[in-house]
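Enquirer: Note that the protein sequences, when read in sequence, are chains U and H. The working numbering puts the last residue of the first sequence at 581; the count rises by one with no breaks. The working numbering puts the last residue of the second sequence at 1358; the count rises by one with no breaks.
Note that these hints are calculated values from the structure, not bench results. It cannot be assumed that every hint is accurate.
Stated by the list, open to error - Listed next, the stretches of chain H that the computed footprint assigns to chain U, with coverage defined by at least 3 CB atoms under 8 angstroms from CB atoms of chain U: (1) 1016-1029; (2) 1147-1153; (3) 1329-1340.
Claimed, not checked - Partial chain H-side listing against chain U, Cβ under 10 angstroms, derived: (4) R1008; (5) Y1068; (6) I1090; (7) G1186; (8) D1189; (9) L1190; (10) E1316; (11) L1347; (12) Y1348; (13) Y1350.
Predicted model only: the values in this text are computed from it and were never measured. All C-beta atoms in this analysis are idealised placements derived from N, C-alpha and C, irrespective of residue type, glycine included.
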Amino acid sequence: MSRTPRRWPPRLAALIATAALVFTACGGTTATPIPTADGGAATVAPSTPDASFEGMSHPADGEAPCGTAPYTGNIKKITATDQNTVVFDLCASDVAFLSKIAFSAFGINDSDWLTEKIDPSQNENQPIVSEVNGTGPYRLTAWNRGADITMEAFPEYWGDKAIAQTAILKWNTEAAQRLVELQAGQVDGIDNVGPTDFPTVEGDSSLQLQPRTGLNTFYVGFNNKFAPWDNETVRQAVAMGIDRNRIVDNFYPPGSQVASHFTPCEIPNGCVGPEWYEFDAAAAKQMLTDAGFDFDQTYKIHYRAAVRGYLPDPPVVATEIQTQLQTNLGIKVELDLQDDTTYLDNADEGLLDGLHLLGWGADYPDITNFLDYHFGAGASAQFGDKFDDITAALAQGAAGADDAAREPSYVTANELIKQHVPMIPIAHGGSGVAYRADVEGAHSSPLSNEKFSVMQPGDRTQFVFSQNGEPGGLYCADETDGEALRACEQMVESLYSYETAGTAVEPALAESCESNPELTQWTCTLRQGVTFHNGATLDANDVVLSYAVQWDAAHELHKGRDGSFTYFSALFGGFLNPPAE
Amino acid sequence: MPRFIIRRLLLSIPVLFGAVLLVFTLARVIPGDPCIATYGEKATESICNAFNIRYGLDRPLFEQFIVYLQTLGSGDLGYSIRFGRPVADIIIERLPVTVELTIAAMIFAVVVGVTLGLVSAIRRNSPVDVGTMIIANLGVSIPVFVLGLFLAYAFAVLLKDTPLVLPPSGRLSPGVTIPPLATTWGLQDLAGPPRVLLDFFSGMHTFNALVTGNWAGLGDAMRHLLLPAIAVGTIPLAIIARMTRSSLLEVLGLDFVRTARAKGVKDRAVVIRHGLRNAMLPVVTVIGLSLGALLSGAVLTETIFGLTGMGRTLFESINSRDYSIIQGATLLVAVFYVTVNLVVDVLYAYLDPRVRLS
């Protein structure tokens, strides 16, 4: 054996080195490309879940007492099975789960942040209400109370970086003044253009108008337990005898639409199936006559004075409908103005024996929030006896998560709603957003969650938006008004999100949330490499705690601006350990 | 004088108590439920039960009033239903906006109003007199929201690309900041009443910028203050101008003025030193009343120009049935009026030695 080290032939060494590189590149799990600011993609080898990670679950022991009073909620348990996986176990199927978790109120907070910024010893004045630590494209710079909220682009954002380096949210309660600010160039965009200002904006070449169709519906309801509204032919006739176009054209702001279906069309499957009856007063009156309608009796229209997006001028619209019924159909009607605070209760308890005016604004953009809430098995007594064929169709539609697969059920449901006429859908109340003409990417969102990060304000580095009012707080788990939600949405993200300018849901902090066939268990895989504004890394425990502090009324961190967590209760059915009433 | 002041202060206690009782009662008597005002259609029975318990609204009215008096006695104005923050914090935050606007408006109103009144009186029945009185009448006649909107549109939109452009709303341009005095002077750890006072003065952007030498910020703040000050100050200006004119005309007709002229005193000295000073007594009263009114907050002007001052805060609190802020802000207004009236009375005695405070 020679004492001299053997030298590898150069070509063989190169071959071996190349082979080593190839094997290294091809081995292990697939690298995940993540977008970068320049539109390219950098690949980062995904981290293997940390074996030392101690997953949190809530309840820590056992599960929520589904179906056992006083618990009325639909969440059974939330578990962090590993660093990047969260499992939601539900008491019953929820086809709208993804739509719900995309809502701004369910933004994910860092668990350490929650512990640090919520003081269990006090009910008010929580730091978390005015300090934000999200994962969104903008991070909070300053909240100048009474003046504005300033945000700066978050350089470590996992997705497409914000185009404008700075975003400023300000407010002015007067629509006219917001328009003056826009015309003066003080702001780049304004919310809720005044109804009479639409032509002004459209006629100004330095501005652009983005109409917003409201996710709401105004309807005239019948209670089929009271004659003559128990007669289906009578209900169909009244449906044909109201000129809905006239109501919308004369009494609704621009951007509003006559309702072709009960559900706004922006919601998937909202407008499948036949459109509503055309106005035909002559045919309608003949139908009433043939049905033996008593034209001598005076009937009632019940309504309340509360102004809503779906009904901007209740007394005027009520009077118009009264006039139309008289003029078009010969039906004598008197108006019954009821107290705001009791009207909803009266409606839900089925006590309104005449026609009643009411409406609905979406809590989340899924058709179940419209149809099931009003006509499903769990609906109130507002329309009297339920229609079994409608509830069956809706139950069928809620059995699957795929919108395309659900469509046939909703075609059937809309056909039956048109046939049975539990109510007459009149209008979807709209509004509008206006921008300076040079703002690229300008849009309006049906959910009023315009994304500042995708808008380019001309050659300016600062994007300024003026809305109606100042947020009450920036901890949106405990907020209900749109002003707060808009601010939060720029800085805090949920597991899923709504697409820009739309209502369809898409993955956000979760790469996916898959359900079991019964839709009672949803397994969410978190996106990796996501950091909070304070540098903390997103993990499954953050998700568990973010939900637990809202869900569990007995949790020491179940505190916020006023601790009501209204949206959680509304969308998930109720709190764990609810306080005794 | 000291006895007078002490007596007036003592008399103000029942006045303030009456104001507190009246506002407490009226706020709860007006239709509308705070829970429904807060949550709208999401106000379910369980939510409202918890809401009422949290804010003590489930207790009998008398008990609520006693509890409120007790907290008031300890210097606590309670927590805002709408904001979930101490009412005192909200007042400290928003009062400077109103005070700053009031001072600017009154400076405008007094300087211009007295000048117009003076010129009008000197040039009585001349075109100048007629012209100034027309301006005064217009000022009183035009609704403040019309004037405010017109000023905003004219200076922000019509004069947009000219040197005369002014911002239509807000207190500072987007992106411009004036740091709090506590931050600038490294007094973040200061607490208690001194900190409250510092934060109050800090909230007046013009004062803050002036004392810290932030000239860019001062200029920006003053540009934003100009239009709302004109809008708010126009009505007091008109009243002060007319009052100065009529009061000065009356004084200039008195014997001592004739004597001064006969003695050869220069006309300017007669008018300014002898006439105006004596004519200012009723004007001071008007200024005091106007000051008190403005300090309670110019709701319309603050709304139009996007200023979150006490007027707008009080208005929005009434809408949202935020009883805590309604009570706290109204108490503040009552204190203002009592204080301003006292200052006016004392000033009267100073201006006119013949007036004896008794």
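Enquirer: For each hint given before, does the structure comply? Return the numbers of the non-compliant ones in rising order.
Expert: Numbers 1, 3, 4, 5, 7, 8, 9, 11, 12 and 13 - these are the hints that the structure violates, sorted from lowest upward.
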